[in-house]
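Participant: Spelled out from the first residue to the last, the chains are:
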Amino acid sequence: MKVSALSSAEFSERLAGDGIRLATGPFNCRLQSGIPEITAELARLYAHHPLIDDTRFVDFHVAIQPGHGLRRWLRPQSRFIVDAIEPFTPLPRDQSLPMLEWGLNWCITAYSQHILVIHAASVARGNRAVILPAPPGSGKSTLCAALVNRGWRLLSDELTLIRLDTGELMGLARPVSLKNASIDIIRNYAPDAFLTQPVHDTTKGTVALMAPTQASVDAANTPARPAWMVLPRYRAGADACLTPMGSGAAFLQLADNAMNYHILGARGFKAVGHTVDQCQNFSFEYSRLDDAIAIFEQLAGDET
Amino acid sequence: MNFLLAALRDPTSIRRLSPAEWDLLVRQARHANLLGRLYERLLAAGLEADIPQRPRNHLQSGAIMADQQQYSIRREARLLRDALAPYEIPLILLKGAAYVAAGLPAAQGRLFADIDILVPHERLGAAESALMLTGWQSSVTDDYDQRYYRRWMHELPAMRHVFRGTTLDVHHTILPPTARLKPDARLLIEASVEIPGLPGVRTLALEDLILHSASHLFHEGEPDNLLRDLTDLDLLLRHLGRDDSAWDALVVRAERLQLSGPLGLALRYTERLLDTPIPARIRTHVGNDTKGGAGQRLVDFLYRRMLRPQHPSTADRFTSVARKALYIRAHWLRMPPLLLAYHLAHKAFFPPKPETHPPMDEKKAA
Amino acid sequence: MPSAGIRYAACDALLDALPSILWKSVDEGWVRFDPHAGETLLLAPVTRFILDQLSIPGCQLSEDALIQAVLQEEPDADPAECGTQVRTALEALLDARLIQATSH
Numbered sequence: 001m002k003v004s005a006l007s008s009a010e011f012s013e014r015l016a017g018d019g020i021r022l023a024t025g026p027f028n029c030r031l032q033s034g035i036p037e038i039t040a041e042l043a044r045l046y047a048h049h050p051l052i053d054d055t056r057f058v059d060f061h062v063a064i065q066p067g068h069g070l071r072r073w074l075r076p077q078s079r080f081i082v083d084a085i086e087p088f089t090p091l092p093r094d095q096s097l098p099m100l101e102w103g104l105n106w107c108i109t110a111y112s113q114h115i116l117v118i119h120a121a122s123v124a125r126g127n128r129a130v131i132l133p134a135p136p137g138s139g140k141s142t143l144c145a146a147l148v149n150r151g152w153r154l155l156s157d158e159l160t161l162i163r164l165d166t167g168e169l170m171g172l173a174r175p176v177s178l179k180n181a182s183i184d185i186i187r188n189y190a191p192d193a194f195l196t197q198p199v200h201d202t203t204k205g206t207v208a209l210m211a212p213t214q215a216s217v218d219a220a221n222t223p224a225r226p227a228w229m230v231l232p233r234y235r236a237g238a239d240a241c242l243t244p245m246g247s248g249a250a251f252l253q254l255a256d257n258a259m260n261y262h263i264l265g266a267r268g269f270k271a272v273g274h275t276v277d278q279c280q281n282f283s284f285e286y287s288r289l290d291d292a293i294a295i296f297e298q299l300a301g302d303e304t
Numbered sequence: 001m002n003f004l005l006a007a008l009r010d011p012t013s014i015r016r017l018s019p020a021e022w023d024l025l026v027r028q029a030r031h032a033n034l035l036g037r038l039y040e041r042l043l044a045a046g047l048e049a050d051i052p053q054r055p056r057n058h059l060q061s062g063a064i065m066a067d068q069q070q071y072s073i074r075r076e077a078r079l080l081r082d083a084l085a086p087y088e089i090p091l092i093l094l095k096g097a098a099y100v101a102a103g104l105p106a107a108q109g110r111l112f113a114d115i116d117i118l119v120p121h122e123r124l125g126a127a128e129s130a131l132m133l134t135g136w137q138s139s140v141t142d143d144y145d146q147r148y149y150r151r152w153m154h155e156l157p158a159m160r161h162v163f164r165g166t167t168l169d170v171h172h173t174i175l176p177p178t179a180r181l182k183p184d185a186r187l188l189i190e191a192s193v194e195i196p197g198l199p200g201v202r203t204l205a206l207e208d209l210i211l212h213s214a215s216h217l218f219h220e221g222e223p224d225n226l227l228r229d230l231t232d233l234d235l236l237l238r239h240l241g242r243d244d245s246a247w248d249a250l251v252v253r254a255e256r257l258q259l260s261g262p263l264g265l266a267l268r269y270t271e272r273l274l275d276t277p278i279p280a281r282i283r284t285h286v287g288n289d290t291k292g293g294a295g296q297r298l299v300d301f302l303y304r305r306m307l308r309p310q311h312p313s314t315a316d317r318f319t320s321v322a323r324k325a326l327y328i329r330a331h332w333l334r335m336p337p338l339l340l341a342y343h344l345a346h347k348a349f350f351p352p353k354p355e356t357h358p359p360m361d362e363k364k365a366a
Numbered sequence: 001m002p003s004a005g006i007r008y009a010a011c012d013a014l015l016d017a018l019p020s021i022l023w024k025s026v027d028e029g030w031v032r033f034d035p036h037a038g039e040t041l042l043l044a045p046v047t048r049f050i051l052d053q054l055s056i057p058g059c060q061l062s063e064d065a066l067i068q069a070v071l072q073e074e075p076d077a078d079p080a081e082c083g084t085q086v087r088t089a090l091e092a093l094l095d096a097r098l099i100q101a102t103s104h
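Residue numbers (the numbering used here), protein chains in the order written: chain A, 1 to 304; chain B, 1 to 366; chain C, 1 to 104.
I should point out that these hints are in silico values taken from the structure, not numbers from a laboratory.
Don't be surprised by glycine CBs; every beta carbon is placed ideally from N, CA and C.
You may find that some hints are simply not true.
[Stated by the list, open to error] Per label pair, the in silico range of CB-to-CB distance:
id, chain 1, residue 1, chain 2, residue 2, range
1, A, Asp18, B, Arg15, 36 to 44 Å
2, A, Ala215, B, Thr12, 53 to 61 Å
3, B, Met132, A, Pro135, 31 to 39 Å
4, B, Thr134, A, Met1, 54 to 62 Å
5, B, Arg75, C, Asp95, 44 to 52 Å
6, B, Gly103, A, Ala238, 49 to 57 Å
7, B, Ala44, A, Ala238, 38 to 46 Å
8, B, Glu88, A, Arg72, 56 to 64 Å
9, A, Gly126, C, Ser55, 31 to 39 Å
10, C, Gly38, A, Leu51, 41 to 49 Å
11, B, Leu47, A, Asp165, 53 to 61 Å
12, A, Cys241, B, Ser18, 52 to 60 Å
13, C, Ala77, B, Gly103, 31 to 39 Å
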């Protein structure tokens, strides 16, 4: 049963009470909140996710709650809590939904050293995945959101997960964070996609969340093998251009962007090496989204 | 229900856990920093196939983090040795760093944040200079806290390395100078041993590591790691106990260092809670506490409450009372009464730091 | 510039860590992982070759000796070009503190 099967009254009641229990790819989450105004958008963002019953093991027990004391009403704040720990300082209450996403990402990076976690976006066509590592501001989220609306399924916009045993990628299919200019770009590019109301003045600028496509969520548990690693760079006016990258440079890119490469030690070295071997590795420059999408289509078509 | 303690005492009990109970066990273990240790315990008991996939991921995650520390600790130890060597100050590791660097069973699954070292009292200033030259900075900026540490504590304020981010605690004795018990640090330093494979890096002798752990278990004010520290003791004692005569040497050493009291308490609780095998003759020798009666029962009550993982699932209405009482007792043991009042009063004037651990009795969804 | 009298040798830390070093072949040469130092390095083939020559306890080689060794492996290589490559490789290995220079 999916989240969308709950009536809005039921959803509100659960959220404020025992919590919404759902699966996001390999992680079972329990979401609670005492902040009623996030209900409608939250329900839309996670509409297609499967619910799980309360006898199941939950990986992350998370909550978004009002600020303590005065900060509940005065310049109101929200707090992110995971199982009695608050890893962040409180944020303005209107940033509750982005905070939830940042919090869930924090849980993965803090508690999942049994997998290689890379700070990168990843999308897949069938069971072949492309990994897009990129520093902030490189346009990776815009590119990721665009691909997801042109026939690629979303694995993740932030954290690419690679199993240490099989080398396969696991998808989360959670909402995509869009910032500043990319919000309007994606609105135009994908008019049917659901975007939350933009939230201003976050540390990352203006943020809106885009719901994952139903196809992405439905296929979240289908593993994908790494087929391409593409390092994107937005440059105004540039023609879309893929340049092959040596596997050594690709290795260093992945290792540098891996959140837990050092913690994993030799396991991390082997997992990154294996990934690089399986992929065609490129650096990529672009300005127009349509051109970029066309290049990725070519990649998908060329692979035998 | 304390699933963590049950699983540590009797690993096979995990076979009877439902998914929801595994959920609680994992969270209790994480709060106690015992994920890795629990995983190693279950593997050693041949129970790998009995751990369901999801909890196994979390346990493995903890074990992998603990594993990695081996390398980083040994690296740090070499760098510390090199920093102190020009001043001819010996590097003596204490506690977790010692267990890991020396490859002791007590290193198993161990996750810790700090490195602790012991330096002769008269070389403390030189040690601090040597460390600062190599990138270590004092993390205490408040003047009051700085004076407090230097005057009353057994260590410098914690230092942090400016590039590596490691935290270092430099001790000159194992208990504060103001404590009622005064173990002689020179004896500890004399008995220290070099770690095979790490030339120039030393640790306390095994019996001294045990006595140090015992003295801290019941003197520190922070309840969060009591269970983990008790599992350290259990592993250290089992390692010591491979040689039966070492028990007698331990008792003699405890008397020499004036630590018979803490040793007695430690043996009592590791045996009671973790079934540590202790020879009957030793138990008789140290087990009889002269206080006895109601006073001892109250202490037992307090400690039982505290030797639970600090997780909301095991809190009950007595826990916050017990916690406060324990804090006061630990400080009482460490400082003369007048000083205790001064310290606590000063702290009350400063605004509290942001809550990272909400009080035990906070209810769920506001 | 005369280099007579300077020999290169592996650092102790390198020799100690030898059994646990992991290598991976890549397009540009090799990726080297040292779990003890927690370091990952990308080395060109000639750099690895030189490191391998020096990774023997007690071994000390001059720049000329190393150039000769490379030329033996690659007889068709241009000696001047080879000299440049070897010098660059030695600098990189010195910077990474894998080898040290000693006056003889």
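Participant: Determine for every hint whether it applies to the structure shown.
Facilitator: Against the structure, the hints:
no.: 1; hint: A:Asp18 / B:Arg15: 36 to 44 Å; in the structure: violated (28 Å)
no.: 2; hint: A:Ala215 / B:Thr12: 53 to 61 Å; in the structure: violated (45 Å)
no.: 3; hint: B:Met132 / A:Pro135: 31 to 39 Å; in the structure: holds (34 Å)
no.: 4; hint: B:Thr134 / A:Met1: 54 to 62 Å; in the structure: holds (60 Å)
no.: 5; hint: B:Arg75 / C:Asp95: 44 to 52 Å; in the structure: violated (19 Å)
no.: 6; hint: B:Gly103 / A:Ala238: 49 to 57 Å; in the structure: holds (55 Å)
no.: 7; hint: B:Ala44 / A:Ala238: 38 to 46 Å; in the structure: violated (58 Å)
no.: 8; hint: B:Glu88 / A:Arg72: 56 to 64 Å; in the structure: holds (59 Å)
no.: 9; hint: A:Gly126 / C:Ser55: 31 to 39 Å; in the structure: violated (46 Å)
no.: 10; hint: C:Gly38 / A:Leu51: 41 to 49 Å; in the structure: holds (43 Å)
no.: 11; hint: B:Leu47 / A:Asp165: 53 to 61 Å; in the structure: violated (20 Å)
no.: 12; hint: A:Cys241 / B:Ser18: 52 to 60 Å; in the structure: holds (56 Å)
no.: 13; hint: C:Ala77 / B:Gly103: 31 to 39 Å; in the structure: violated (47 Å)
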